[in-house]
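Chemist: These protein sequences, in sequence, are chains A, B and C. Using our numbering, the first residue of the first sequence is number 84, and each one after it goes up by one. Using our numbering, the first residue of the second sequence is number 466, and each one after it goes up by one. Using our numbering, the first residue of the third sequence is number 13, and each one after it goes up by one.
Errors might be hidden in some of the hints.
[Claimed, not checked] Restricting the straight-line Cα-Cα distance to at most 25 Å, the calculated cross-link-like pairs of lysine to any residue (SDA-like) are:
| # | chain 1 | residue 1 | chain 2 | residue 2 |
| --- | --- | --- | --- | --- |
| 1 | A | K121 | C | E165 |
| 2 | C | K186 | A | N252 |
| 3 | A | K229 | B | H938 |
| 4 | A | K261 | B | G936 |
| 5 | C | K146 | A | K85 |
| 6 | B | K526 | B | L594 |
| 7 | C | K61 | A | M180 |
| 8 | A | K333 | C | L62 |
| 9 | A | K229 | B | G734 |
| 10 | B | K950 | C | L36 |
| 11 | C | K146 | A | G122 |
| 12 | A | K85 | C | G162 |
| 13 | C | K61 | A | D275 |
[Stated by the list, open to error] Restraint ranges, calculated between C-beta atoms of paired labels, are given here:
| # | chain 1 | residue 1 | chain 2 | residue 2 | range |
| --- | --- | --- | --- | --- | --- |
| 14 | A | K325 | C | E165 | 28 to 34 Å |
| 15 | B | C712 | A | G245 | 30 to 36 Å |
| 16 | B | K1082 | C | Q37 | 34 to 40 Å |
| 17 | B | G769 | A | G245 | 56 to 62 Å |
| 18 | B | P1115 | C | Q37 | 46 to 52 Å |
These aren't lab readings, by the way, just hints derived from the structure by calculation. Please read all numbers here as calculations on a predicted model, not as lab measurements. Where a beta carbon is used, it is the ideal one built from N, C-alpha and C, also for glycine.
Now for the letters of each chain:
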Amino acid sequence: MKKYAVYPGCVMPTEQYAYEMSIREIMPHLDIELVDLKGFSCCSEPIKSVNQMLTLALSARNIAIAEKEELDIFAPCPMCHLALSDCKRVLDTNLMMNKRVNSYLTDEGLKYTGTAEIVSILDLLHDIVGIDKIKEKVKKPLKDLKTATHYGCHLIRPSEIGRSDDAENPQKMENILKTIGAKPEYYPEKLDCCGALLTANLPESALTKTGQKLQRVQEQEFDAFIDTCPWCHRQYDSKQIKAGETVAAKLEVPVLYLTQLLGISMGIPKEKLGLNLNLSPIEKLNLGGKKT
Amino acid sequence: MSNKIGVFVCHCGINIASTVDVKELVEYAKKLKGVIVSKDYKYMCSDVGGNLIKDSIKKNKLDGVVIACCSPRMHEHTFRGVVEAGGVNAFNLEIANIREQCSWAHDDKTRATEKAKALVRGAVSKAILLEPLERSKIEVTQKALVIGGGIAGIQAALDLAEEGHKVYLVEKTPSIGGRMAQLDKTFPTLDCSGCILTPKMMEINNHPNIELLSYSEIKSVEGSIGNYTVKVNKKAKFVDMDKCTGCGDCVEACRMKDHVNSEFDEGIGKRSSIYIPFPQAVPLKATIDKDNCLMLKRGKCGTGALCVEACEAKAINFKQKDEEVEIKVGAILVATGYDLLDPTSLYEYGYDHSKDVITSLQMERLISTSGPTNGEIIRPSNGDKPKSITYILCVGSRDEKECTWCCRIGCMSALKHVYLLKEKLGDDIEMNVCYTDIRSFGKGYEEFYRKIRSMNTNFFRGRPSEVRNLGDHLTIDIFDTTTNKLFEINTDLVVLVPALIPRVDSDDFARKLRISQSGDGFLLEAHPKLRPMDTFTGGIFIAGCCQAPKDIQDSVAQASGAAARAANILSKKVLEAEPLISYVDEDYCSGCSTCISVCAYNAIELVKREDDKQLAKVNEALCMGCGACVASCPSGAMQQKGFKDYQLKPMIEETV
Amino acid sequence: MTITDLTSMGESQTELKKEINERLQRLQDEISDYCYQCAKCTSGCEAHKLLELEPHKIVALLKKGLIDEMVNSDVIWTCMSCFKCRERCPQNVAPVEVLFALKNIAVASGQQIPGNYTAMLQSVLSMGLLQEVKNVLTRDNKTVSRTNLGLPEVSKPTDHTKFQMMLSKIAVEKV
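Just chain A, same shape as in the assembly:
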């Protein structure tokens, strides 16, 4: 059993409960123990535009909390994962920045030491748990579900920082989906952005980006759209109808978290995976044999 401090971030634990529920359900089955720690804060990546120093300091602070417990960190949200990874890279390579950032942590009795590893959802599922283990756990393989994957920009770029998959040809989600019986297919818009970060100041434009991508996915007749990021999922699933309005289209694309689909294939009851919280038309999928 490998142990990780789960760093929930903000969007997942305050509204994207389906992601959190499905993660908490599947991980023990995959021999991953998630430890909840007190005291975490926002990683500040979403407000990096306002003050980047804040992002470095808050990320370091969160890493330091896990380091105090001698735990590695699992950050399910790609945006958090980028913030923490970038912070680690800067602090591990730049002594001056390390000293400066650490000076802010002393009041709370924290210190960034660089001992904790930071893993993303794909690192964890694909590289640490591994395809073989996932294969073992599949009880109800998905039959030829034609899926479009959406990695989320922050999970794969910028590669200089060291991201979870190839920046231009990411395949780990595909590998996992194939393992559980789905049929992921290439589509030209695969690497496009959902626009979520514009929600703060240009929400209409953000939705237009979402709508444009989903419209193309719908045109290409995918059965489902699979993501791993609470920000993206909020756009594609929770706000799908509004996103459709921006591009004058009726969007009916079932959107699921990778972890939800994984849970279904492992035979976990769908209530436990938060499927009741997906607002996109997932009933079209006939998941688990019964109508949702």
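With chain A fixed as given, assemble chains B and C onto it according to the hints.
Modeler: Just chains B and C now, kept in the frame of chain A:
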């Protein structure tokens, strides 16, 4: 021991004189022990300067000379000649480098002059202890090896053969011709590539002085300038070269016909397992590709090998083995060419996603009338004639993540394609060219570019971020910086113009030949301006794209140049070798073989003396005088002539 | 008024340019401003078609030191930080990082912070997270809370005074 030393100080115009007080230095030198005359002159390397030294030697009966001037890399060779002409042994000369190591490095004249004095003081102390040395004679094997049968290798081989030297031309593939043979037309004159190349290929075939070893690779290289021993692996062709008539019946008969990717057609055409790469191949003989031959791979080809049945000459021999041949040459000329960057590494450009994204060399094969489509331009995905073709230049070139350099042929080759495609497909064909800068630097290139500008072509100054495959067509967003607008190009065929890279095996190859590579992996010239065809290894020369990307014009010019450089050696029966090499003081050598491990030239071996003592022994013909063994020797047994410990120590003491 | 119209009035601010470049170097080992204007970034910019962001021009303006013009423009706030420009730049230039620097400078110099950023910042300051824990709707239109769903309490800073003290220190800092 020299005790009549002359010190000659050069001003180097103002290069030295503006920072070092030359007059003061001359006066100082006069007072040094052993010095009987000291003089200065504005340019010591000039004729007048040389005569000044010669006259002083004669007049003062000098037995040693110190020249304070620029780096010995510049003029040591010149001055050795001068000293020798004056009557002093060429190796009783010591250079004090007061330019690169003093005047150029400092501003403060007083302190620079003091440093110059120290350098001269050190040089004089060494000059006192220098011994006269004799150059040894090397008999030259007056034959040449040319590696690589592309246009550069062909030109070099012909030049050397015409000079009367025996030339071995080693080519890795079944035929000579190289990249140029793959091209349809050449820029900017639009000469038919084959038409100007094949006569030269035939000349190679027929020249009495040239021995062509095709389908052969270099196994090892030993020896040094004037005398190289090269082992060549002649790969089995499984076809008897003497019997094969090149009729091609076997190629037609082969069960694998149209099943094997043709290297010559860059994978867009197919060939048989037994093949002749192209109709004008030299030698015009069939070769069996053992990785794809059913008989050789599985020991069985249907009910019997069809090629054997088809061959009237009975030339096919499945039992043929690789053969090792040893050749002895005096000089080696390397012309191994380039590879193309695999555009898959710029995944965003869709080379992996669509058959309709091809490289410029693949387009070259489509355009060629002897190509897989007989010159018909098609979309590889469906065989349709394209209505719109888009070129993307600088794919991986000028790119810090891929190749930092410019490929030097991409712009011109794309412009040439625009012309040829318009000619073939009519003016209706939509031609788009996405460029970063058009580099049309050669003779007639800019004029060619102007001609293309007069044709109906869309030039976009910008680089696409990605190519998207929308099934029935490809789409590209490109921001054009000339109009400040984003254009969405919908196109049928995308042609990527990839970077030129060193041959994939160039690291291994360079190691085998003991020649250097530059940081980019291309083979390194001894001097970028003054010795562009030499390597640092005596007797080995480079030409063409193995040195750096270049066009046909430059490759041919460089090949002829390199051949002339090689002929410098081959035209002499005897070479004089530098005597500044290392030797072993047998009394101190323990036979530990540390020197052997550091020698880059395989010049040292362990031998047994009569009393059974193990000793290191230096092969004088191979030693390049680098000094690595001397520095590594734990007992001081290894010494270098002209740089012996007892000569260097006083020099260091005096200088510091 | 677009960003280019304004530039003709600009004067080069070399000090600010230097500061931005140093800041970028602290964050990114390999950053360069050796841009040769191939505009690969703009060709693929997620915000370009919709909001006219031109990353190659941002870099060109930075190189010329015309920073005020950018800091005063709304255009810098249209970046979605998809990182494609940084990922694909052939010269290791990172327009997205330049934009972060410019936005930080705009905020520090007292420019109006657009949209919800102030509220998000306020929320982080008051409780450590971007937003309050929400109740959400289910597919059958029922409102549920975290607790209803059996999820544990959300992790937040425990000592608010100390946490806020830290934030107030950083608020005036820049990278």
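Chemist: Can you name, in rising order, the numbers of the hints this structure does not satisfy?
Modeler: 2, 5, 7, 9, 10, 15 and 16
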